[in-house]
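**Student:** Sequence:
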Amino acid sequence: MIKRVSIGLLVLALSTSCVSKKIYNDLESKFTDLKKENRNLADENTDLLKAKNQLELDRDGLTSDLSKSKAELDKLKADYAAAQNKFKVLQDSYAALEKNSSDALQSNMKKNRDLLDQLDEKGKALALEQERLSKSAQRLQELEDLIAAKEASMKKLKETLSKALNSFEGKGLTVEQKNGKVYVSMENKLLFNSGSWAVGSEGKKAVIEVGKVLGDNPDISVLIEGHTDDDAFTASGPIADNWDLSTKRATAIVAILSENKKISKQNLTAAGRGEFSPLASNSTAEGKAKNRRIEIILTPRLDEISKMLNEIN
Numbered sequence: 001m002i003k004r005v006s007i008g009l010l011v012l013a014l015s016t017s018c019v020s021k022k023i024y025n026d027l028e029s030k031f032t033d034l035k036k037e038n039r040n041l042a043d044e045n046t047d048l049l050k051a052k053n054q055l056e057l058d059r060d061g062l063t064s065d066l067s068k069s070k071a072e073l074d075k076l077k078a079d080y081a082a083a084q085n086k087f088k089v090l091q092d093s094y095a096a097l098e099k100n101s102s103d104a105l106q107s108n109m110k111k112n113r114d115l116l117d118q119l120d121e122k123g124k125a126l127a128l129e130q131e132r133l134s135k136s137a138q139r140l141q142e143l144e145d146l147i148a149a150k151e152a153s154m155k156k157l158k159e160t161l162s163k164a165l166n167s168f169e170g171k172g173l174t175v176e177q178k179n180g181k182v183y184v185s186m187e188n189k190l191l192f193n194s195g196s197w198a199v200g201s202e203g204k205k206a207v208i209e210v211g212k213v214l215g216d217n218p219d220i221s222v223l224i225e226g227h228t229d230d231d232a233f234t235a236s237g238p239i240a241d242n243w244d245l246s247t248k249r250a251t252a253i254v255a256i257l258s259e260n261k262k263i264s265k266q267n268l269t270a271a272g273r274g275e276f277s278p279l280a281s282n283s284t285a286e287g288k289a290k291n292r293r294i295e296i297i298l299t300p301r302l303d304e305i306s307k308m309l310n311e312i313n
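In UniProt numbering, the protein residues as written are 1 to 313.
Read the hints as simulated data drawn from the structure, not as lab findings. Don't take each hint at face value.
When the alpha-carbon atoms are kept at most 25 Å apart in a straight line, the in silico DSS-like pairs for lysine-lysine are as follows [stated by the list, open to error]:
1. Lys-35 to Lys-50
2. Lys-265 to Lys-150
3. Lys-261 to Lys-163
4. Lys-122 to Lys-111
So the derived label-pair ranges between C-beta atoms look like this [to be verified]:
5. Asn-112 to Leu-140: 45 to 53 Å
6. Ser-134 to Lys-178: 32 to 40 Å
7. Lys-77 to Asp-117: 56 to 64 Å
Predicted, not measured: the structure shown is a model, and the values here were computed from it. Glycine is no exception: its CB is placed at the ideal position from the N, C-alpha and C atoms.
Based on the provided sequences and hints, a complete structural model is requested.
**Tutor:** Shown next as structure tokens:
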């Protein structure tokens, strides 16, 4: 454009070579202004080109950013959809878990109530058992006290008998306490002649002394046992054998004790043991003498003890 203006001015100048100075100066001034305007336009055009290039760069950047943003948005959408799916799964799982937990809780609560009921029943049963055991322990203590009292009374009875029969010591009479009982043993030499069941005078005195003690102890059961050695009974008469002889001798002692009115006949029992419960060997004369005897076995009444045992059991 600048070239076109310059050519035009040159043509004008050549065609009017006779123009005035004033016109020339005006034209030159206009030419200068045009040149200046042309430079300004060129500068503006350069700036516009730069701006255009920058816009294109910005556009390309925005396009890239938009592409990235769209990709990120698509990823976010996909992530959101996946998160929603997971949330839905979690919701379903939680609902199922809540239902199962509720069912399990109800079941456990029922089990706990059942257990509490069972514990309550067991507690009541235990309380009753403890009460029963406490009563049993009390009864057991009473039983032990009663047995101890019986033992003490038997010990006292033995001491009383020993004192009452002191004059017969060394004459085949012994008194001892064992197994909760008192045994008064009298050898036949103190009581009977050989083959006889009649009690001699000295032996009768001893039996009477025993009766006096028994009269003062009405709660004592009395078992009188007759014993012989193993020599067969050969004498003629109403006696069949040693067993028969031992029984008659025991009955003879019962008859003497029965003369004491303070002794209850219900407490007396006569038994013959023959030669079948020896104290010593029958192979010697001394052993045979020990085996030929009367044993008066004194036992405390055990009715009360038996009753207490049944109550405890």
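**Student:** Now tell me if each hint is right for this structure.
**Tutor:** Right, here's what the structure says about each hint:
Only pairs whose Cα atoms come within 25 Å are accepted, and Lys-35 paired with Lys-50 is accepted, the gap being roughly 22 Å. For the proposed pair Lys-265 and Lys-150, the alpha carbon gap of about 22 Å is at most 25 Å, so the pair holds. Between Lys-261 and Lys-163, the direct Cα distance comes to roughly 22 Å. Compliance with the 25 Å bound is thereby established for this hinted pair. Distance hint between Lys-122 and Lys-111 is fulfilled; the C-alpha atoms sit about 16 Å from each other, no more than 25 Å.
For the hinted restraint 45 to 53 Å between Asn-112 and Leu-140, the CB-CB distance of approximately 39 Å leaves it violated. At roughly 35 Å, the beta carbons of Ser-134 and Lys-178 sit within the given window of 32 to 40 Å. At roughly 59 Å, the beta-carbon separation of Lys-77 and Asp-117 lies within the given 56 to 64 Å, and the hint holds.
The earlier numbered hint that this structure contradicts is number 5, and it is the only one.
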